[in-house]
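Top line first, the protein sequences correspond to chains A and B.
Quick note on this note's numbering: the first sequence kicks off at 1 and runs consecutively.
Quick note on this note's numbering: the second sequence kicks off at 1 and runs consecutively.
Do not take every clue at face value.
Chain B stretches covered by chain A per the calculated footprint, using a threshold of three residues with CB under 8 Å from any CB of chain A [what the hints assert, rightly or not]:
#, region
1, 9 to 15
2, 330 to 344
Reference listing, derived: stretches of chain B covered by chain A, where coverage requires no fewer than 3 residues with Cβ under 8 Å from a Cβ of chain A [to be verified]:
#, region
3, 92 to 103
4, 319 to 325
Worth flagging that the hints you see were computed from the coordinates, not collected in a lab.
These numbers were taken from a predicted model, which means no experiment stands behind them.
Ideal placement from N, C-alpha and C gives every residue a C-beta, glycine not left out.
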Amino acid sequence: MALYSDKVMDHFENPRNVGVIENADGVGEVGNPVCGDIMKMYLKIENDTIVDVKFKTFGCGSAIATSSMATELIKGKTIEEALDLTNKAVVDALDGLPARKIHCSVLAEDAIKAALVDYYTRTGKKMPESLVGFEPHED
Amino acid sequence: MKVYADNAATTYLSKTAKEVLLDCLDNYNGNPNSLHTDGQLTQEKLDEARATVAACINAKNPNEIYFTSGGSEADNQALISVARVQKEKGKNHLITLNIEHHAILHTMRKLELEGFEVTYLAPQANGIVAVEDVANAITDKTCLVSVMFANNEMGAIQPIPEIGALCKEKGVLFHTDAVQAAAHLPIDVQAMNIDMLSMSAHKFHGPKGVGVLYCRNGIRLLNVIEGGAQERGKRAGTINVPGIAAMAAALKEGCDNMEENNRKVIALRDRLIEGLSDIPYSQLNGDPVKRLPGNVNFSFEGVEGESLLLGLDNYGICCSSGSACTSESLDPSHVLLGMGVPIEAAHGSLRFSLNEENTEEEVDFIIEKVHKVVNLFRSMSPFWDELQNGEREHCIAE
């Protein structure tokens, strides 16, 4: 069996939503260069809906694929729906990841949450309870 | 285009070795320990192979060649034998490098658990250990120095003759893991004062699952595998004569053509190094001159090695990476970290290992595609953006 599923390879080779949103409403960055992966998510939010999302990722094949898949899964969704997105849902959508790559999906979930925390902090809107005190996982 | 540039991982089976292998499977497939004709004809093949291997490394006597399942077994047996035998003489200290193959490092850890003391020397920034560091580490308790002939990841060639002379002078045994060097660099165990040496057939166009432990007569070996009188009683198990004969043929072919091959491979290597040096914020890891003929190891800042490797694989280029994501652990290459390469740079490393079958055209193709994938992944790397805008500090010079 290949290391990665066809879906992972597709999202690695043709990543969706790569880039930067100028004047984004929320930006989240998680990970660090010592651990070998950094994900940065940019959100454009209108009426509590994520109307656009872009990412930049430094990391391995699965880090890039999970970022790409996560952006697809939240684009056009409400914040509430985006907050329900678990790392497992990202893994499932990619038809699975090798065990030692699961942390990449955790990073993707954290990057979205970090961007939403930034959004609430910037706007001063009341933060949903699930985001209060959010800390990204240790890599 | 398909470009195989991962010869340090494994090599293709040479035509010569394959012919010998098939000939043995068809015609010399007896058990060399059997007394009947079939067995004895196979025994002759085995004797020939042993003599050939001995000649290739200038061993004094063919009976100093022990066939094993590969380099790892040879390393295990060498270290465990010397340690346990010498312990009876009150010597419980071993010296090695922190950049050795895990067949050495894990065996050393096991010996530490048994109560032995092990010194892990770090090489200099060029990946080469200073001989005086080895000299300073030797105590009256030291029984063995094990230093690899050349490093598998970044190619640096260690000062083997100098360490051999030092060990001889100090009365300490000297083992070298020559898995990457055999058939690629000249080896003379007598002139270099090497007491024990490991090699592996599939690194020089022989088959997998076959290797050699050279052990100078007078040094006592202990068994890692018990159960029979094969290999002078030191390695049980029915002998893999087809594999051994094919290995001997491949080793001889490599040694006979070494000069010509190396002239070609070194030119390709240096062409690749030059072509990759154009990439800003990249560095060659390991000594630029005292390195294996085919080895090119580079770090590229702001990108991660596994994504580069997969990107190159899509173009048909096979190479490897020292990034954590290609290892079984969460840490990047112990070799690059052990020689002082910053962790961020170790994550972004690629190793190409060329051989005499590679061409200039292939090397130019690799150069073009590496530029392309490094640029691509840098363009999507937030780490690269932060290096560029000064939010993070570069660890590699432009």
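Cut-off 8 Å, C-beta pairs, minimum 3 residues; does the coverage of the region 319 to 325 of chain B by chain A stand? holds (count 3)
Counting residues of the region 330 to 344 of chain B that have a beta-carbon nearer than 8 Å to any beta-carbon of chain A, does the count reach 3? holds (count 4)
Examine the region 92 to 103 of chain B for residues whose CB is less than 8 Å from any CB of chain A, and state whether their number is three or more. violated (count 0)
How does the region 9 to 15 of chain B fare against chain A when you require at least three residues with a CB closer than 8 Å, holds or violated? This one is violated; 0 residues, fewer than the three required, reach chain A with a Cβ under 8 Å.
Checked against the numbered hints given earlier, the structure breaks hints 1 and 3 and satisfies all the rest.
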